[in-house]
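Using the sequences and the hints, build the whole thing.
In terms of my numbering, the sequence shown opens at residue 3 and continues consecutively.
You may find that some hints are simply not true.
[Stated by the list, open to error] Below, a list of computed lysine-lysine pairs in the DSBU-like style, where the Cα atoms sit at most 35 Å apart:
#1 Lys152 <-> Lys101
#2 Lys305 <-> Lys101
#3 Lys101 <-> Lys111
#4 Lys305 <-> Lys137
#5 Lys111 <-> Lys137
#6 Lys111 <-> Lys305
#7 Lys305 <-> Lys185
#8 Lys137 <-> Lys152
#9 Lys185 <-> Lys137
#10 Lys185 <-> Lys152
#11 Lys101 <-> Lys137
[Stated by the list, open to error] Now the in silico label distances, taken between C-beta atoms and shown as ranges:
#12 Ala271 <-> Ala298: 18 to 26 Å
#13 Glu302 <-> His90: 38 to 46 Å
#14 Asn9 <-> Pro154: 31 to 39 Å
#15 Trp184 <-> Pro132: 36 to 44 Å
#16 Glu171 <-> Pro110: 41 to 49 Å
#17 Arg268 <-> Glu24: 32 to 40 Å
#18 Glu68 <-> Pro15: 13 to 21 Å
Rather than coming from a laboratory, the hints here were simulated on the basis of the structure. All C-beta atoms, glycine included, are put in the ideal place defined by N, C-alpha and C.
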Amino acid sequence: MGLALENHPYPHPVHFFPVMIEGQDLRMAYMDVAPTGRANGQAVVLLHGKNFFGAYWAGTIRALTEAGYRVVVPDQIGFGKSAKADIHYSFELLAQTTKRLLDHLGIPKAAVVGHSMGGMLAVRFALMHPDATAKLVLENPIGLEDYRGKVPFASVDASYRSMVAPTREGLERFYRGYFATWKPDFGVWADLAWRATFSGEWPRAARASALTYDMIYTQPVVQDLPRLAVPTLLVIGQADRTVVGRDAVSPEVLATLGRYPELGRRAQAAIPGARLMELQGVGHIPHLEAAEPFHAALLEFLK
Numbered sequence: 003m004g005l006a007l008e009n010h011p012y013p014h015p016v017h018f019f020p021v022m023i024e025g026q027d028l029r030m031a032y033m034d035v036a037p038t039g040r041a042n043g044q045a046v047v048l049l050h051g052k053n054f055f056g057a058y059w060a061g062t063i064r065a066l067t068e069a070g071y072r073v074v075v076p077d078q079i080g081f082g083k084s085a086k087a088d089i090h091y092s093f094e095l096l097a098q099t100t101k102r103l104l105d106h107l108g109i110p111k112a113a114v115v116g117h118s119m120g121g122m123l124a125v126r127f128a129l130m131h132p133d134a135t136a137k138l139v140l141e142n143p144i145g146l147e148d149y150r151g152k153v154p155f156a157s158v159d160a161s162y163r164s165m166v167a168p169t170r171e172g173l174e175r176f177y178r179g180y181f182a183t184w185k186p187d188f189g190v191w192a193d194l195a196w197r198a199t200f201s202g203e204w205p206r207a208a209r210a211s212a213l214t215y216d217m218i219y220t221q222p223v224v225q226d227l228p229r230l231a232v233p234t235l236l237v238i239g240q241a242d243r244t245v246v247g248r249d250a251v252s253p254e255v256l257a258t259l260g261r262y263p264e265l266g267r268r269a270q271a272a273i274p275g276a277r278l279m280e281l282q283g284v285g286h287i288p289h290l291e292a293a294e295p296f297h298a299a300l301l302e303f304l305k
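The following block contains the structure:
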């Protein structure tokens, strides 16, 4: 399929924003979708998780544009149709690049919605650019706990070796773990991940993945939640048990990690004035698994 997902159509036209990082000319892919309902003059930015890319927001884009919002959906550098760069990844860098994209598009302020790793990025974006952040929505964000306390450190090389030669069965198991209730339609994400491994450039993507894993592990944001100064909504699927580095810990230690009902309430207490919506029987990706209640909560909060 190729590292830029060349044979996988996105739900809307994809554009490319040129950026230079560490002396490299790179391209950041993004969708910029105009409202289909009566325009309200507001914009929303959707930030994807680590093992996904902008296309999985298709239903959320539809719900927002029908409600009158302009929606911008970037593939972060290292993901989706964007460049798979060998650089030092940081949430500050990704937040800065996202802000540069919004400036390029003439959007001075937007609501920021982040899922999973995108939630960590959204927190960093809101801290760096509070005046550009109208509201903040965190959908089952990872990083609500500091993994370094219980998950052993893995070097980039070690992470790369674990990622460069996956199996089809292993990938399907991995993606199934994101959902409380599996539906055949969800299998497309495991299929795409598997097909990408047949590219001659796959090792480059595997290294980018290892580098972004290192970013997640070494750059926690949970300690910064009390500094958030924008209206915040947490949407937490209560059946989620996602843990970064879960294969490196014993079952006994694993049982103490990824407790999202507890993590969500702790995050709500830490973030000044935060709202919390708990979705029972829902896993790591509410906007796919429980789209209707997720979109209803999102639209109500944005209004």
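* Asked: Are Lys101 and Lys137 close enough, with their CA atoms no more than 35 Å apart?
  -> holds (15 Å)
* Keeping to a limit of 35 Å between CA atoms, is the pair of Lys137 and Lys152 held or broken? -> holds (32 Å)
* His90 and Glu302 - C-beta distance against the hinted 38 to 46 Å -> holds (39 Å)
* Asked: Given the hinted pair Lys111 and Lys305, is their alpha-carbon gap at most 35 Å?
  -> holds (15 Å)
* To do: Given the hint that Lys101 pairs with Lys111, test it: the Cα-Cα distance must not exceed 35 Å.
  => holds (10 Å)
* Sort out whether Lys137 lies within 35 Å of Lys111, counting only the CA atoms. => Holds - the C-alpha atoms of Lys137 and Lys111 are around 9 Å apart, at most 35 Å.
* To do: Take the C-beta atom of Glu68 and the C-beta atom of Pro15, compute their distance, and say whether it sits inside 13 to 21 Å.
  => holds (18 Å)
* Asked: Per the hint of 41 to 49 Å, is the separation of the Cβ atoms of Glu171 and Pro110 within bounds?
  -> Once the Cβ atoms are compared, 47 Å apart, the range 41 to 49 Å for Pro110 and Glu171 holds.
* Asked: Regarding the pair Lys152 and Lys101, is the alpha-carbon distance no greater than 35 Å?
  -> holds (33 Å)
* For the pair we were handed, Lys185 and Lys137, check the Cα-Cα distance against 35 Å. => Satisfied, since the Cα-Cα distance of roughly 32 Å is no more than 35 Å.
* Under the criterion that the straight-line Cα-Cα distance not exceed 35 Å, is the pair Lys305, Lys101 satisfied? -> Answer holds: Lys305 to Lys101 is near 23 Å, not above 35 Å.
* Asked: Does the Cβ distance between Arg268 and Glu24 fall inside 32 to 40 Å?
  -> Holds: the Cβ-Cβ distance is about 36 Å, inside 32 to 40 Å.
Taken one by one, the earlier hints all hold for this structure without exception.
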